[in-house]
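Participant: With my numbering applied, the sequence shown covers 1 to 317.
FYI, nobody ran anything at the bench for these hints, they're computed from the structure.
Keep in mind that the hints are not guaranteed to be accurate.
List of simulated lysine to any residue pairs, SDA-like, C-alpha gap at most 20 Å [stated by the list, open to error]:
{"#": "1", "residue 1": "Lys-231", "residue 2": "Lys-279"}
{"#": "2", "residue 1": "Lys-279", "residue 2": "Asp-133"}
{"#": "3", "residue 1": "Lys-231", "residue 2": "Asn-138"}
{"#": "4", "residue 1": "Lys-279", "residue 2": "Pro-127"}
{"#": "5", "residue 1": "Lys-279", "residue 2": "Phe-108"}
{"#": "6", "residue 1": "Lys-279", "residue 2": "Asp-289"}
{"#": "7", "residue 1": "Lys-231", "residue 2": "Pro-127"}
{"#": "8", "residue 1": "Lys-279", "residue 2": "Gly-111"}
{"#": "9", "residue 1": "Lys-231", "residue 2": "Glu-132"}
{"#": "10", "residue 1": "Lys-231", "residue 2": "Asp-267"}
{"#": "11", "residue 1": "Lys-279", "residue 2": "His-159"}
{"#": "12", "residue 1": "Lys-231", "residue 2": "Gly-291"}
{"#": "13", "residue 1": "Lys-231", "residue 2": "Gly-123"}
{"#": "14", "residue 1": "Lys-279", "residue 2": "Thr-58"}
{"#": "15", "residue 1": "Lys-231", "residue 2": "Leu-182"}
{"#": "16", "residue 1": "Lys-231", "residue 2": "His-159"}
{"#": "17", "residue 1": "Lys-279", "residue 2": "Asp-299"}
{"#": "18", "residue 1": "Lys-279", "residue 2": "Arg-269"}
{"#": "19", "residue 1": "Lys-231", "residue 2": "Asp-133"}
{"#": "20", "residue 1": "Lys-279", "residue 2": "Pro-124"}
{"#": "21", "residue 1": "Lys-279", "residue 2": "Gly-291"}
{"#": "22", "residue 1": "Lys-231", "residue 2": "Arg-195"}
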Amino acid sequence: MGRNLVTGGLGYVGRNLARHLLERGEEVVLFDVPSASGPPEDIRDSVRVVRGDLGRLTEVLEVVRTQQVDCIYHLGAMISMPAEANPWAAYDANANGTYHVLEAARIFGTGPVLFLTGIATYGPGAPETVNEDVFQSNPSQIYAATKIFGERLGEYYHHRFGIEFRCASLPAICGPGRREGLAAYPSLMVHESVRGRLCRLPVEDSARLPFIYIRDVTRCLTMLRDAESSKLQRRVYSINGFSLTAGDMAEAVRRLVPGARIELLADERIAGLVRNMPKYVDDSRAREDWGWRSEYDWDTTVRDFIATLEAHPDLYP
């Protein structure tokens with residue numbers, strides 16, 4: 001595989017994907033907005049960084065052309081809370097941005113375009129278990145609406161122009177450095193406990209969401225990229241990691257981090273949001289078509305998380 005372009009490359013998934021690609025000996029170009037922080041110190045000298053705006057077609061075309069891109073991981077997007085604060089900018093970055101990436105892939109004939117969506121696309125009232133055949137389009141936020149649009153537009157570009165669009169629909173992501181958002185509570189449990197700090201979280205003991213560890217996310221993306229086209233029966237694949245209650249997660253952290261102090265304090269607003277989200281993901285299609293299997297359950301996630309924090313105290317204070 002040649003040169004990889006990662007849009008949103010300075011975000012959480014982007015920088016972890018960059019590490020994974022570099023470990024595989026691949027070239028990486030990170031594309032992100034001028035306001036984004038620079039790459040972490042451990043990869044700073046190994047990646048190229050190009051600043052630009054997904055909402056501007058000329059800038060997307062320019063980076064794909066000048067960097068001689070072979071594969072695009074389109075991760076760039078305005079996430080939920082900032083998107084709700086400025087839905088017009090979110091539409092430009094998320095909807096127009098995806099269109100611009102697909103146009104660049106068409107014009108310059110790149111290899112696969114990998115895209116990420118997630119359980120937020122199902123919206124309130126989704127069934128407890130979801131997969132690719134649950135076509136419930138009831139998004140309550142513009143972030144989810146634009147992600148659904150991206151899935152459908154990618155499918156169109158595949159069928160109309162032959163673009164190798166491949167999408168992974170993920171559960172919530174956890175891992176070192178994941179500190180913001182509704183679903184950050186598993187990451188905060190581990191991080192704060194390892195650092196010896198009290199961890200108070202506004203989730204009830206019975207709160208349950210599906211999660212996936214960041215190492216599984218990056219491996220999933222490269223597995224999907226490398227999958228033989230003839231084996232792919234669809235363009236969008238549901239991906240699973242593990243599903244536990246917040247109480248069970250906290251208990252495992254207390255067992256693996258002696259002295260961990262975790263308090264779960266129910267917040268009715270957050271509890272209501274969690275209750276309206278899917279609890280399980282059926283990823284049997286990904287397993288059947290291209291051999292996907294998650295490698296991390298919650299226990300192995302916590303163990304690897306601890307080892308990463310201990311090995312990199314400056315990256316994860």
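Participant: State for each hint whether it applies.
Facilitator: Here is what the structure says about each hint:
Distance check on the hinted pair: Lys-231 and Lys-279 sit about 28 Å apart at the alpha-carbon level, beyond 20 Å; violated. Using a Cα cut-off of 20 Å, the hinted pair Lys-279 and Asp-133 holds, with the two alpha carbons roughly 16 Å apart. Taking the CA atoms of Lys-231 and Asn-138, the gap is near 30 Å; set against the 20 Å cutoff, the hint is violated. Straight-line distance between C-alpha atoms of Lys-279 and Pro-127 comes to about 8 Å, which keeps the hinted pair within the 20 Å bound.
Restraint check for Lys-279 and Phe-108: the C-alpha separation of about 40 Å exceeds 20 Å, so the hint is violated. At roughly 23 Å between alpha-carbon atoms, Lys-279 and Asp-289 are farther apart than 20 Å, so this suggested pair is violated. Distance restraint check for Lys-231 and Pro-127: the Cα-Cα separation of roughly 28 Å exceeds the 20 Å cut-off, and the hinted pair is therefore not satisfied. Straight-line distance between C-alpha atoms of Lys-279 and Gly-111 comes to about 34 Å, which puts the hinted pair past the 20 Å bound.
For the hint linking Lys-231 to Glu-132, the alpha-carbon distance of about 16 Å falls within 20 Å, and the restraint holds. Restraint check for Lys-231 and Asp-267: the C-alpha separation of about 45 Å exceeds 20 Å, so the hint is violated. For the hint linking Lys-279 to His-159, the alpha-carbon distance of about 32 Å lies beyond 20 Å, and the restraint is violated. For a cut-off of 20 Å, the pair hint linking Lys-231 to Gly-291 stands: about 10 Å separates their Cα positions.
Distance restraint check for Lys-231 and Gly-123: the Cα-Cα separation of roughly 30 Å exceeds the 20 Å cut-off, and the hinted pair is therefore not satisfied. Using a Cα cut-off of 20 Å, the hinted pair Lys-279 and Thr-58 is violated, with the two alpha carbons roughly 41 Å apart. Distance hint between Lys-231 and Leu-182 is unfulfilled; the C-alpha atoms sit about 35 Å from each other, more than 20 Å. This hinted pair checks out: Lys-231 and His-159 have alpha carbons roughly 16 Å apart, not beyond 20 Å.
At roughly 19 Å between alpha-carbon atoms, Lys-279 and Asp-299 fall within 20 Å of each other, so this suggested pair holds. Straight-line distance between C-alpha atoms of Lys-279 and Arg-269 comes to about 18 Å, which keeps the hinted pair within the 20 Å bound. With a CA separation close to 18 Å, the supplied pair Lys-231 and Asp-133 stays within the 20 Å bound. Simply put, Lys-279 and Pro-124 have alpha-carbon atoms about 12 Å apart, close enough for the 20 Å limit, and the pair holds.
Distance restraint check for Lys-279 and Gly-291: the Cα-Cα separation of roughly 23 Å exceeds the 20 Å cut-off, and the hinted pair is therefore not satisfied. This hinted pair does not check out: Lys-231 and Arg-195 have alpha carbons roughly 45 Å apart, beyond 20 Å.
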